[in-house]
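Could you put together the complete structure from these sequences and hints?
If you're matching them up, the sequences are chains E and D in order. Each step along the first sequence adds one to the number in the numbering used here, with nothing skipped, and position 82 is 573. Each step along the second sequence adds one to the number in the numbering used here, with nothing skipped, and position 138 is 148.
None of these hints come from the bench; they were simulated from the model. Just so you know, these numbers come straight off a predicted model, no measurement behind them. Built from N, CA and C at the ideal position, the CB exists for glycine as well. One or more of the hints may lead you astray.
[Unchecked claim] Short derived list, chain E residues pointing at chain D, Cβ under 7 Å:
| hint | residue |
| --- | --- |
| 1 | R507 |
| 2 | L510 |
| 3 | G837 |
| 4 | L920 |
| 5 | A922 |
| 6 | L923 |
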Amino acid sequence: MRWTDLLRMSAQNLWRRKLRTILTMVGVMIGTASIVVMVSLGIGINQGYIDSLSETGELTRIQISSQLYWSSNNNAVVYLDDETTVKAQKLDDTMIRKISALDHVESVSPYMSFYNFQVRTGKLQSYYGLLAVNSSAIKTLNFEFKEGGGFSSSAGETLELILGENTLASFRKQSSQVWDNEAPDLDWLNEKFTVVLQDYNNADSDGNPKEYEFKARVVGIVKDNGGDAAYNIYTNIDTMKRIIQKHKSVFKDQNIKTDQYEQGYVRVDDFNNVLDVQSQIKELGIDAWSYAQMIQSMQQQSRSLQLMLGGIGAVAMLVAAISIANTMLMSIYERTKEIGVMKVLGCRMSSIGAMFLCEAAIIGLVGGIVGLAFSYGIGAVVNMVLGASGAYSSFRSVIPLWLCLVGLGFSTMVGVLAGLYPSQRAMRLSALAAIRTE
Amino acid sequence: MEPIIKLRNLVKVYHVGDEKLRALDGVNLDVYPGEFLCIVGRSGSGKSTLLNMLAGLEKPTRGAIQIAGERLDKMNESQLVRFRLQHVGFIFQQFNLFPSLTALENVTMPLVYRGVAPKVRKKKALAILKQLGLSTHVKHKPSQMSGGQQQRVGIARALVASPEIVFADEPTGNLDSRTSDEILGLIKEIARKNGATLIMVTHDNSIAERADRVVRLLDGKIIEIIDNRQNAQEQPQAPQNNQSPKEELPA
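Given below as structure tokens:
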């Protein structure tokens, strides 16, 4: 028998019993929709995490830190996992070059933080400390400039500052009690700034620290792109080192090291390589942390959530499968005579079996298609309601193509499996008994 | 001429409760190509059992059935289906048309099972429906046709694939006598035109009279074989043989 004839006959048989076919399909539809919707919510939650972080470029960033900066403990270790450790290493320029040489690493930016520095302009002062970075930080930290740009290539004596957009509002008079979030109206790039070191080790009798002033100017303002780049005031690490060298006597009590760094950022080319690079860095003896790692553990959690949600849908599908089997068996009882006549006319047993399997598969497939359409509808409503209510933004329904295909494949497979036994029965019906049935 | 059907010592035993019922009790018979053979007998004489066995619908308890050189008693069900597909057409007493299909679709079904292309099978089916005078009822469903018309569709369906052997189980049993006559004429005519062997079960003597040979069964045994051609003008096509053949079939 031709497969086109087989399909046509199966479809005709189903169409002859429209109501029953449709009711059975509704079962499959509900089963498919519940699985797809449940899984899509799981995916949506996952996707939400990733989307909210990937816009800021923070998904491909690794934060590195040295265990040896603050303590000179020679036994310090870095944990590769719960059991394995390696000896901690200094984060110095040699190490930075090693990390830069790793595969998939795009740029490395060590930084030094100076919390006891104050940035001032006129009578205004920010409460932000300074983060000294090199010029590659623009790439590593994904800077987008709202005004100005990066550090000039030949840094002189003046400290060049890059202000995060969100730090602008922190500039206010020291006496001011008003905590509005308004940035003062300044021509930032042309204003004179000073960076003040407050030396509490040499405070006067009233407890006021001794202050040392250094000239500074703003070269750029970093736009807030949702990440944390706009929450810092940056300065050029090379200029900073030079100033520290020049004023050794001032800095000697500040516990500042110029031969190594405390922390740094590493930019990796692709999200999928982050964990790999991260573990390579750890093996070098430097601690490393990334959002990717966090997302991985979140994904593991949401995967078990997805499995649970999918399981609920699977129960609905099981019920649908039973109803397909029931419909097919009913149909075989009714068509006993017809099957017998087919056998007498010389219709192959395999064709008879295939015809019934095909009917069950069509119920599964069509039910699956309608169920998918239904799932898209439910997903749209869920997203609309959650979007309108301003609910937790990462909770939404996402139906990727693979879920569509898996949903359809699964519903069809359920149809075929549910049709296996009925079709075997139809094949085994005795032709003689079948035609004798009235 | 070599017989197309050979039956040797055919026995069929049914178990009804504790009792054994011999539906067929040692039947030997040869049927020759192109013959029109009628099997007659009272109800319970074993004639339907014999026909079912010839069509491969039932297995013999003992004995051999050879049709067109193939041993039916040694075949499994799939092989029997294939055998029917290749050699056999079947006409039912109850017509057994597919109720949801039109006359044309019903007639094409054996060709559909054979995997014949849609255009070819439509052409063949239309041709045979025309022969049977049903050109105007091609699109009718069985429920929209009279008994005689339905049986004509049944005949068309049995003969559309030009089988070598046509079995008919009381084909006129559900029809009035005038229609019966007409239907029988059609079956004979087309079978003869196709050169098909026609084997018919009936208990209508007026039909049996029109057969080439009549086999009378009683209690599962052949009690009489009448050759009507001895009285006819034309020469018999097959050797006259009123005695049951005895020689064994090779395994």
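Hints, one by one, checked against the model:
1. R507: Holds. Min distance 5 Å.
2. L510: violated (15 Å)
3. G837: Since chain D brings a Cβ to about 3 Å from E:G837, closer than 7 Å, the hint holds.
4. L920: Where the cut-off is 7 Å and the nearest Cβ of chain D is about 10 Å from E:L920, the hint is violated.
5. A922: Given a least distance of 5 Å, the restraint on E:A922 holds.
6. L923: holds (4 Å)
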